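Colleague: Residue-level listing of the chains:
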Amino acid sequence: MSFKHEKMQKVLLDVCYGEMPMTEEISKHLDYCSECKAYWNELMLLRESMSGFNDNEIEIDSSIINSAFLKSSIEIKRRKNLKDLIIFSVISVLLLGMLGLLIYVGYGRSIIVAQIILMFFVPLSVPFMIRQRIMKEESL
Amino acid sequence: MSDVKDIPLYLWFVLIVLLLAQGCWIFWDASKRGENKWLWGFFGLLNVPSNLIVYLIVTRVVSKSVSCKFCGKRIRMSYKYCPYCGEKQNIET
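Taken in sequence, the protein lines are chains E and R.
For the first sequence, the working numbering gives the first residue as 1, with consecutive numbering after it.
For the second sequence, the working numbering gives the first residue as 1001, with consecutive numbering after it.
Take the hints with a grain of salt, since some may be wrong.
Claimed, not checked - Straight-line alpha carbon distances no greater than 35 Å define the calculated DSBU-like cross-link-like pairs of lysine-lysine that follow:
{"no.": "1", "chain 1": "E", "residue 1": "Lys136", "chain 2": "R", "residue 2": "Lys1088"}
{"no.": "2", "chain 1": "R", "residue 1": "Lys1080", "chain 2": "E", "residue 2": "Lys71"}
{"no.": "3", "chain 1": "R", "residue 1": "Lys1080", "chain 2": "E", "residue 2": "Lys83"}
{"no.": "4", "chain 1": "R", "residue 1": "Lys1069", "chain 2": "E", "residue 2": "Lys77"}
To be verified - Partner residues are not named here, just some residues of chain R that face chain E (Cβ under 10 Å, in silico):
{"no.": "5", "residue": "Ile1007"}
{"no.": "6", "residue": "Phe1013"}
{"no.": "7", "residue": "Val1017"}
{"no.": "8", "residue": "Gly1023"}
{"no.": "9", "residue": "Cys1024"}
{"no.": "10", "residue": "Ser1031"}
{"no.": "11", "residue": "Leu1045"}
{"no.": "12", "residue": "Asn1047"}
{"no.": "13", "residue": "Pro1049"}
{"no.": "14", "residue": "Val1061"}
{"no.": "15", "residue": "Cys1068"}
{"no.": "16", "residue": "Tyr1084"}
Honestly, the hints are just simulated from the structure, not real lab data.
Note that this is a predicted model, so its numbers are computed, not measured.
All C-beta atoms in this analysis are idealised placements derived from N, C-alpha and C, irrespective of residue type, glycine included.
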């Protein structure tokens, strides 16, 4: 299907739904283009066959819609987390690359000392962190 | 400590890879649990393995709480069902 036909068939779909008026240009195109004419006839047939249905009779289960929204929000969140993880990995590689460079130029000893200090002092902060979280949770 | 120059280069490489892996895992886990992922992620890059242990203790001992979407009471984020109204909560992402 050429680009022109594809574009015209999108316009025909809008005309069928009443979102666009049937202009002279469109009707002229339908007169000489068999492909678009066939598509238009198909749309008309479909509209005719669907006219028997009444929208009000269809019962919409709100739980299905809610669950669809929930699933989509979870998927959006997951994709965002993945994107953030990639950004974080790139930043981390850069930071650790700098650390590697420091080791290479002779700051290995200072880095080891810093690691040992952190290893002993970070666990000491655990009770404070837990207390902070409990207080925050209780204030909510 | 005076023999720090004797440490082979591949051991430094292993340390850097471990820090990277630890930071990325903490970041991913924190984002799934609704924690401050950036803060915890960079915290995970500082030291191995004590920072991982600290992260596990802090986030597992005091699990974050959220409001139940149905009854509004505070419940733990990891709960799949509200203990007050029994309604199903969000699935973990």
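Colleague: Go through the numbered hints given earlier and state which of them the structure violates, listing their numbers in rising order.
Modeller: Violated hints: 15, 16; rest satisfied.
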